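**Q** Listed below, chain by chain, are the residues.
There are 2 protein chains.
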Amino acid sequence: MSGFDACDSFLADCPARLTVELIADKWTAVVLYGLSKGPVRHGELLDLIGGISRKVLTQTLRRLAAHGLVRRHAYAEVPPRVEYELTDKGRDLLPIIESMREYGMQWLNADGACTSAAA
Amino acid sequence: MSGFDACDSFLADCPARLTVELIADKWTAVVLYGLSKGPVRHGELLDLIGGISRKVLTQTLRRLAAHGLVRRHAYAEVPPRVEYELTDKGRDLLPIIESMREYGMQWLNADGACTSAAA
Numbered sequence: 229m230s231g232f233d234a235c236d237s238f239l240a241d242c243p244a245r246l247t248v249e250l251i252a253d254k255w256t257a258v259v260l261y262g263l264s265k266g267p268v269r270h271g272e273l274l275d276l277i278g279g280i281s282r283k284v285l286t287q288t289l290r291r292l293a294a295h296g297l298v299r300r301h302a303y304a305e306v307p308p309r310v311e312y313e314l315t316d317k318g319r320d321l322l323p324i325i326e327s328m329r330e331y332g333m334q335w336l337n338a339d340g341a342c343t344s345a346a347a
Numbered sequence: 229m230s231g232f233d234a235c236d237s238f239l240a241d242c243p244a245r246l247t248v249e250l251i252a253d254k255w256t257a258v259v260l261y262g263l264s265k266g267p268v269r270h271g272e273l274l275d276l277i278g279g280i281s282r283k284v285l286t287q288t289l290r291r292l293a294a295h296g297l298v299r300r301h302a303y304a305e306v307p308p309r310v311e312y313e314l315t316d317k318g319r320d321l322l323p324i325i326e327s328m329r330e331y332g333m334q335w336l337n338a339d340g341a342c343t344s345a346a347a
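Protein chains in written order, with the numbering used here: chain A, 229 to 347; chain B, 229 to 347.
Okay, chain A solo, but in the shape it has when bound:
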């Protein structure tokens, strides 16, 4: 935690807070999570993530792509195939999300869909 000492005053645009904003959206963490194992198609993500609508998933993926966290690949096939994958910038968020998952299980009595991990 040496970084703390270098920071004697904090502003609202502190780097930690900008990162919070990046992942504060309701679906960001779970969508990044869903992309963590490799490229995935829109429909596969839809099946993977409980409770998200097709429209909201599309909006979330667009926002993540605009922030450079996700890359969209459209393959010129019949029928057309579109896949999404994490960029390096997106992948670097995964350890943070994983730490937050562990914190949630320890302190927030949360197991959600991850009951097997919590057992």
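Source of the hints: derived by calculation from the structure; they are not laboratory data.
If you're wondering where the values come from, they're calculated on a predicted model, not measured in any experiment.
Any given hint might turn out to be false.
Identical copies carry no separate label here, and so any pair may be met within one copy or between two of them.
Quick list of in silico lysine-lysine cross-link-like pairs, DSSO-like style, CA-CA up to 30 Å [what the hints assert, rightly or not]:
1. K317 with K254
2. K265 with K283
3. K317 with K283
Dock chain B against chain A, hints included.
**A** Chain B in isolation, oriented as in the chain A frame:
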């Protein structure tokens, strides 16, 4: 990242997302950060955190206390002294906030008030 494999589907109440909600408020990360070195008085926090108003700091501290992240100590002195300190539950968020600070400096071109740490 072994936890990922245990989780085949994700819901909105995934533990990671509950943790995101806990720290998503604009001031939570910086206030926890400001308490990281030990008990601090309200006025000291106000000086430490740029841009926060007295009222918003009070509201934030109340919310953090309600979530069990911060403890309030009122000393029966003249003049009365009130200090705030992190609980274990609050302290366990610090490594996550520190990881987010590092991420922000690497990927979001953020240095904010932490220019000496970014140098």
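**Q** Indicate, hint by hint, whether the structure satisfies it.
**A** Each hint, compared with the structure:
1. For the identical chains of this complex, K317 and K254 are neighbours both inside a copy (19 Å) and across copies (22 Å), given an alpha-carbon limit of 30 Å.
2. Taking the shortest alpha-carbon separations for K265 and K283, only the intra-copy value of 23 Å comes in at or below 30 Å, while the best inter-copy value is 44 Å.
3. Taking identical chains as interchangeable, the C-alpha atoms of K317 and K283 lie at most 30 Å apart only when both belong to the same chain, with a minimum of 24 Å there against 36 Å between chains.
In summary, this structure violates none of the numbered hints.
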